Amino acid sequence: MKKLVLFSGAGISAESGLKTFRDSGGLWENYSIYEVATPEAFAKNPQLVLDFYNMRRTQLENAFPNEAHKMGVKLEEYYDVHIITQNVDDLHERAGSKKVLHLHGELRMVRSTKNPSIRKDIVYQSVSLGDTASDGAQWRPDIVWFGEAVPKMDEAIAIVRKADILVTVGTSLNVYPAAGLVDAANENCLKYIIDPNADEILSVSDMHIIKEKAGTGMSRLFNILSEHD
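Just so you know, we're using the working numbering here: the sequence shown kicks off at 19 and counts up by one.
Worth flagging that the hints you see were computed from the coordinates, not collected in a lab.
These numbers were taken from a predicted model, which means no experiment stands behind them.
25 Å max Cα-Cα, derived SDA-like pairs, lysine to any residue:
{"id": "1", "residue 1": "Lys138", "residue 2": "Arg75"}
{"id": "2", "residue 1": "Lys117", "residue 2": "Glu85"}
{"id": "3", "residue 1": "Lys132", "residue 2": "Pro169"}
{"id": "4", "residue 1": "Lys62", "residue 2": "Arg75"}
Here are the in silico distance ranges between beta carbons for each label pair:
{"id": "5", "residue 1": "Lys37", "residue 2": "Asp172", "range": "24 to 32 Å"}
{"id": "6", "residue 1": "Thr76", "residue 2": "Lys21", "range": "30 to 38 Å"}
{"id": "7", "residue 1": "Glu173", "residue 2": "Gly114", "range": "19 to 27 Å"}
{"id": "8", "residue 1": "Glu173", "residue 2": "Ile51", "range": "23 to 31 Å"}
Note that CB positions come from ideal geometry on N, CA and C, so glycine has one too.
With the hints as extra help, turn the sequences into a complete structure.
Below, the structure is given as structure tokens:
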């Protein structure tokens with residue numbers, strides 16, 4: 019069975035009603051990324067950061083997988099599908115995808131501020147100051163904030179290198195180091211990019227372009243791959 023890697027970004031979640039920083043000029047509910055999504059922000063005002071992610075969990079609880087997520091699951095009938103996502107939501111999993119790697123962390127998870135290996139799935143619950151891990155340290159969102167390293171990049175690169183087909187959907191390939199993943203694909207890998215503005219993205223010279231939004235683009239991709247096989 020051929021290996022298909024689906025690399026997804028914020029555009030796929032946007033079709034489920036989840037907002038993104040980049041869609042709103044660097045603001046989310048009137049908060050700058052520098053107020054709520056950096057280590058410095060958490061050190062300065064941890065309650066504000068915790069409240070922000072509590073709000074995001076509430077939004078996620080009321081969002082549902084869309085056609086793009088569902089088509090990712092349908093592809094598993096024909097391919098060994100591994101999803102690498104920049105998104106912190108759980109919509110791929112809720113749609114039924116079996117192999118999902120979250121590059122930038124998971125909204126449902128929290129971790130100790132002292133020991134990153136101490137993690138907990140809180141689902142859609144809230145976190146407050148004083149809520150502590152087993153080591154006595156404050157819980158923080160298990161999110162890779164701006165300015166932090168991406169610990170799962172090596173694992174993601176290894177997955178992409180083995181891909182027979184690489185599909186990029188919902189990302190403008192502007193967020194590094196994640197955007198550099200497409201360069202890790204082997205020379206025989208068949209590459210697709212699904213984006214309504216795909217021809218404006220500089221990294222697509224060796225990619226097949228599907229100028230559609232995530233949902234309709236994934237459906238079209240499925241039909242294209244079915245014809246190839």
